[in-house]
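Using the sequences and the hints given, assemble the complete structure.
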Amino acid sequence: MATEPQDKRSGGWSRRRFLTAGAVAGAGAVAAVAADHVLQGSLRSGKEAATTATQLSGDNSRLTFGRQTVSFDGPVQAGVTIQPQAHTRLMAFDLVESVDRGAIRRLMRLLTDDARSLMRGVAPLGDSEPELATVPAHLTVTVGVGARLIRVAAGESFVPGWLRPLPTFGIDRLRDEWSGGDLVVEVASDDLVAMSHAARLVTKSIRSLAVVRWMQDGFRHAYGTHPEGTSMRNLFGQIDGTVNPVPGTDDFAEVVISRDGWLAGGTSLVVRRIQMDLDTWDDIDRVGREAAVGRRLATGAPLTGTTEHDEPDFDAADSLGFTVIPDFSHMRRARSENRRERIFRRSANYEVMDQHGRPESGQIFMSYQADPVTQFVPIQRRLDELDMLNEWTTPIGSAVFAILPGCGPEGMLGETLF
Amino acid sequence: MSNFRMTRFAVTMTAGLLTVSLMTACSSNNATTVEKPQTDSTTTTQADSVNAQDVWAKAAPEGDMSAMFGRLTNDGDQTVTIVSVSSDEATEMQLHETVMGDDGSMKMQEKGGGFTIEPGATLTLEPGGNHLMYMELTAPLQAGADSTVTLTFSDNSTLDLSGAIREYSGAHEEYVPDHAMDHGDGHDDHEHDHDSDGHTHDH
Ligand code: HEM
Ligand SMILES: [Cu+2]
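Heads up: the protein sequence lines correspond to chains A and B, in order. Positions 1 to 418 (our numbering) are the ones given, in order, by the first sequence. Positions 1 to 203 (our numbering) are the ones given, in order, by the second sequence.
Keep in mind that the hints were calculated from the coordinates and are not lab data. Beta carbons: idealized from backbone N, C-alpha and C, even for Gly. A hint or two may mislead.
[Claimed, not checked] In silico contact screen, one side only, chain B against chain A (beta carbon under 7 angstroms); selected entries: (1) Asp-54; (2) Trp-56; (3) Ala-143; (4) Ala-145; (5) Arg-166; (6) Glu-167; (7) Tyr-168.
Structure representation (structure tokens):
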């Protein structure tokens with residue numbers, strides 16, 4: 001019998017857990033929301049604030065979430081654990097040639113100050129469009145680093161052994177312009193304007209130290225379109241993200257969060273830009289599509305079950321003796337008997353137009369794991385050997401980063417490097 | 001966000017908003033500070049009455065001009081007047097105001113008589129307005145570092161202001177030197193607008 005990875009039944013995503021008190025029910029929330037408005041110079045009355053707090057605590061479909069914030073401070077960067085927002089921009093940078101240890105300290109200080117302000121909905125100092133900072137809508141700014149940055153800041157001995165490009169896979173058609181980088185900043189929000197402003201601000205802030213290498217934008221369902229904790233649908237129409245460690249659990253800490261030295265509280269991020277060929281996928285009927293993953297399109301349930309989080313039965317066979325969940329299916333191939341070989345997936349859809357307006361669609365696959373070499377690579381190897389989905393998917397970009405540990409209210413991202 | 005004495009209220013409020021457990025033993029290298037010089041006398045000096053918030057300076061290369069911004073609040077009960085500003089990072093610093101020139105363009109010039117702040121009032125130093133001007137940097141102002149300047153008040157008390165250096169592209173007001181002053185300091189290679197005497201903030 002296959003292993004039983006923890007899924008979201010035991011807790012589920014909870015954005016509330018990571019929000020400021022503004023989203024927590026109760027009298028304290030009213031005060032906190034009011035305080036938030038004081039901080040932001042808002043003229044909203046206490047009554048309005050109270051109404052907002054009440055709405056936030058209920059299941060109100062018309063709630064206003066623009067001012068809701070996610071706390072920057074904490075042992076793990078919030079962007080790793082928060083329920084994925086509707087919009088995300090991943091920005092990879094190359095350090096300028098002259099960067100030394102002191103310059104990296106300045107870089108970290110700029111990123112920390114910007115992230116902390118922007119996530120609070122407060123314009124960073126010198127922001128020339130400060131009004132755009134005041135509606136963060138769950139904005140998170142998450143920082144990760146590549147080997148070169150660590151080497152310059154702290155020396156070779158600080159570079160984790162796994163922090164290097166992934167091995168080459170047969171399915172890869174990687175392009176340089178979507179791969180690598182010395183620094184990654186993920187800016188994500190449930191409001192596209194907030195995301196765009198934060199991305200621009202950060203890029204400008206660090207322009208003397210780091211230049212953009214690539215940027216990729218991803219999207220998911222808008223906030224409020226589905227109940228909290230719903231897995232997103234990808235552009236193949238599949239429910240994507242079902243089997244995943246649950247933030248806040250011991251299992252999550254075990255699978256995702258590093259305990260090693262300066263990186264304790266950090267993790268690794270694997271980014272794969274994967275094209276999805278919607279035209280050839282169109283040729284496949286629903287039975288074939290469901291077989292390709294081993295799950296039903298309507299519910300996300302395994303072919304052997306009825307609801308999304310039912311445990312698949314990989315041994316169940318049909319009248320002809322074939323397994324109900326095909327051996328070539330993505331789910332079957334992606335699941336390992338070794339519980340260590342698990343990852344935390346947090347992908348987003350992408351769609352870009354070429355100069356003729358023809359869309360290219362795909363997925364920005366993002367996975368977090370304590371060690372990509374022992375956790376991600378074996379899964380990708382198996383999928384490389386056999387996975388029905390490979391028929392319609394092509395990896396065109398690849399990068400690995402060390403996501404920095406979080407820090408406290410007076411702390412600086414990357415402080416353990418110095 | 002710079003945390004000065006006066007922001008204690010705001011800082012307390014912020015702390016109340018945090019829900020995630022916090023790490024201990026984090027360094028405090030990103031907080032800007034105001035250092036108050038110790039005075040022997042028990043009377044309150046002008047510098048003692050002033051609190052600063054959101055202090056920052058514009059990144060610029062060595063030799064260029066730059067400016068520091070922020071908010072200065074007079075929490076005392078006497079009027080205070082800033083008469084001069086200096087820094088180790090510039091050959092000279094000036095108190096600047098920005099005014100509309102005859103041709104409609106914005107020009108900055110030395111503020112005659114200095115900056116006066118009434119009790120309870122706040123002086124806002126901002127791009128396109130009043131600011132503390134580095135006339136010629138002796139070292140680059142590097143983004144992510146701190147810059148420190150010293151304000152001198154009319155009672156000779158002093159206040160050190162320190163804030164983050166940030167990238168900023170605006171604040172290109174033309175500098176019109178006071179006719180009484182001689183600035184033979186080799187700025188001629190800098191950006192000029194129509195006025196051949198004018199300097200602009202470089203970055
Ligand atoms: C465009 C590319 C991909 C698509 C469309 C895709 C889609 C899916 C779908 C629909 C599921 C089932 C629902 C779920 O548990 O989320 C799934 C599961 C999974 N996928 Fe992918 N996936 C892609 C790429 C990858 C890659 C590159 C990896 C890792 C190398 C991966 C690893 C996994 C894992 C570990 C599971 C859970 C398997 C289990 O049930 O234990 N996927 N994926
Ligand atoms: Cu000036």
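Consistency of the hints with the structure:
1. Given hint, B:Asp-54 at the interface with chain A, holds; its Cβ is 6 angstroms from that chain's nearest Cβ, closer than 7 angstroms.
2. Hint status for B:Trp-56: holds, given a least beta-carbon distance of 4 angstroms to chain A, under 7 angstroms.
3. A least Cβ separation of about 5 angstroms between B:Ala-143 and chain A falls short of the 7 angstroms threshold, and the interface hint therefore holds.
4. Because the beta carbon of B:Ala-145 sits about 6 angstroms from the nearest beta carbon in chain A, less than 7 angstroms, this interface hint is met.
5. A hinted interface residue such as B:Arg-166 counts as satisfied when its beta carbon comes closer than 7 angstroms to some beta carbon of chain A; here the least separation is about 4 angstroms, so the hint holds.
6. Hint status for B:Glu-167 relative to chain A: holds, with the closest Cβ pair at about 5 angstroms, below 7 angstroms.
7. A distance limit of 7 angstroms between C-beta atoms decides the matter here; for B:Tyr-168 the minimum to chain A is near 5 angstroms, and the interface restraint holds.
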